[in-house]
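Based on the sequences and whatever the hints tell you, model everything.
As a plain string of letters, each chain reads:
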Amino acid sequence: MRQAIRGAAALLAAIAAAPAIAAPATTGPVEQQPLNLIAIGMFVVFVASTLGITYWAARRTQSAADFYTAGGGISGTQNGFAIAGDYMSAATLLGLSSLVFAKGFDGFVYTIGFFVGWPIITFLMAERLRNLGKYTFADIASYRLEKTPIRTFAAIGSLTVVCFYLIVQMVGAGQLIQLLFGLPYNYAVVLVGVLMMVYVMFGGMIATTWVQIIKACLMLGGGTMLLLLALSQFGFNIELMAQKAVATHKDGIKIMGPGSMLSDPITAVSLSLGIVFGNAGLPHIMMRFFTVPNAREARKSVFVATGLIGYFFLVVCVIGLAAISILGSDPQYWVDGKIGGKIIGGGNMPVMHLAKALGGDVLMGFLSAVAFATILAVVAGLALAGASAIAHDLYVGVFAKGNAKEGTEMMVSRIATVGMGIAAILLGILFKDQNVAFLVALAFGVAASVNFPVLILSMYWKDLTTRGALWGGLSGLVSAVTLVVLSPAVWKTVLGNKEAIFPYDHPALFSMTLAFLVTIVVSKLDSSARARSEQAAFDDQYVRAQTGVGAAAASAH
Amino acid sequence: MPQKTYQRIRSNPKFTTLAGDRSRFAWLLTAIVLIGYYAFMMAVAFKPELLRAPLWSGSSLTVGVPLGALIIIGSWLLTGLYVRRANSTYEKLNNEIIKEAR
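Here the protein sequences come in this chain order: X and B.
Be aware that the first sequence starts at 1, since it is given in my numbering, and climbs by one per residue.
Be aware that the second sequence starts at 1001, since it is given in my numbering, and climbs by one per residue.
In short, the hints are calculated from the structure, not lab data.
Hints should not be assumed to be uniformly reliable.
Have a look at the derived ranges for each label pair, beta carbon to beta carbon [unchecked claim]:
1. B:1016 <-> X:260: 46 to 54 Å
2. X:265 <-> B:1010: 39 to 47 Å
3. B:1102 <-> X:265: 52 to 60 Å
4. X:182 <-> B:1039: 42 to 50 Å
5. X:60 <-> B:1017: 35 to 43 Å
6. X:336 <-> B:1056: 36 to 44 Å
To give a feel for the contact side, a few chain X residues facing chain B, derived at Cβ under 8 Å [to be verified]:
7. 105
8. 296
9. 467
C-beta atoms are modelled at their ideal positions from N, C-alpha and C, and glycine is treated no differently.
Right, here's the structure in full:
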């Protein structure tokens, strides 16, 4: 297939849940592979069991609180697994391990960047999110600010991030199913869209949470199994594995230290700001903090999630190193048997090849099914976040001015879910064969420059006013989008111009700084009566944020 | 009702202690994690040879490997420290404050 080359670069980025993976284009062509019955069989088992859970969850989803937040009835540990499930996408398994496989230590440096946001969320955000929020992060931002404009703006911010992220996941699903299952692209896109609608529409947050938990367990189990099998080849001695890797990789000892990928400090800082703080502005992640009964469980859930994510990231890096050592000396995994040339099936395949080398077709089939299940779970979380922004923020908060019946709100959120599903399918088909790498940078850029500043300042800064939040958010949105359009990823790669106008792929250093500056300056200059009452309301908000008095309680069941 | 409660809580000296202690602790830990991470990133960008040094003479593993792992494991342990203190000491103080405001 001719689309292969263009699709290839897209794939690595496509399944990415993180911007960094978009950067190195180390992929080979994506071609439809022979039908993989073991993988399909295992995937069918996953789908059947999650549909069973959805049926069970549907009977427990009776109120709007059940739908959006599982009634606040998820325990800290369960929520920790679900957060880890939301955050560890197919890109973590395939993309990061491939990055280590191709670039060695540089891949490890990227991986660390994706992790560091989590401790920060634990220290500064978890308890306040839980104490101030109800269903969406707009609840927090609009706590003492003018409801209508702030809710509208927060909903737009959320939906923008959700849509970009959704496209990336859908395109990734299509590519992945071609690669791993040997089925056509459009099948995957429709299948993912429909299943996501079913999970969310009927099972709401309860079903979505359990899909995440199961998927997180599968992913952790599969990764651990692969890790142990790989280590056993080297007598559980990492130094031995590293020696073999250095001897096989074409860059030799260079793979064990920082290479060229991050040598430009501005790129490195802008990228890491985007990942670290964008992570704290992703609507489907923030939403998870409203599913636990209180701040205590919210803290516990980030502790569990951080541990699982950190563990899995380390596992993935060792797997990448093992792939260098084991695949690097075996010509059967390389196109035309040329070691160091192109890897069969494209740049995302090392972990799959490694699974085949160590555990045969069964392990490879299992991991393929896990990778696809992962996309499904992430997409369900995104759909729910999008549906809450539409139903709770735009319909109830803005359109009905807070006076909607609960039944109507739930109906609207279900219609919104169907809308999200249809939009996801159409966008997935529309963006087929497009290079969507830039969308990942965009999703995180917008999350870091629009959602994060408004959220953190509304929680921490007394002087924030509605006017400041709106102007700041708007300047963050406009600058993040503009800078990405002018960046090499879009201006050169997508639009085919010769030179990019803006030299960096990641906007956060500039757009996030601008958003904070504008918010602070405009708030300071705002001397209206509304501004003064908003500032005065901070004291009560502060007490609630600290103590949880007045926070949304868990529902009865 | 809540407004009055909030006022009572605010005037409780225990609340000032709780909010002050907890936020100092949280910001301290945040600073440790961010300084550690960005120091590592600066070494990657400006002093890569530091991280490329072999762990011991003749080893393939480099100094950068355990340092990177330390950032992940160390900052996770710090979250554990925070959550433990927040869920015991601070939570107890918090419950007292709420009780006294009733």
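Taking the hints in turn, this is what the structure says about them:
1. B:1016 <-> X:260: 46 to 54 Å: About 52 Å separates the Cβ atoms of residue 1016 (chain B) and residue 260 (chain X), which means 46 to 54 Å holds.
2. X:265 <-> B:1010: 39 to 47 Å: With a Cβ separation near 44 Å, residue 265 (chain X) and residue 1010 (chain B) satisfy 39 to 47 Å, so the hint holds.
3. B:1102 <-> X:265: 52 to 60 Å: 54 Å, holds
4. X:182 <-> B:1039: 42 to 50 Å: 47 Å, holds
5. X:60 <-> B:1017: 35 to 43 Å: 41 Å, holds
6. X:336 <-> B:1056: 36 to 44 Å: 39 Å, holds
7. 105: 6 Å, holds
8. 296: It holds, given that the least Cβ distance between residue 296 (chain X) and chain B is near 5 Å, below 8 Å.
9. 467: 25 Å, violated
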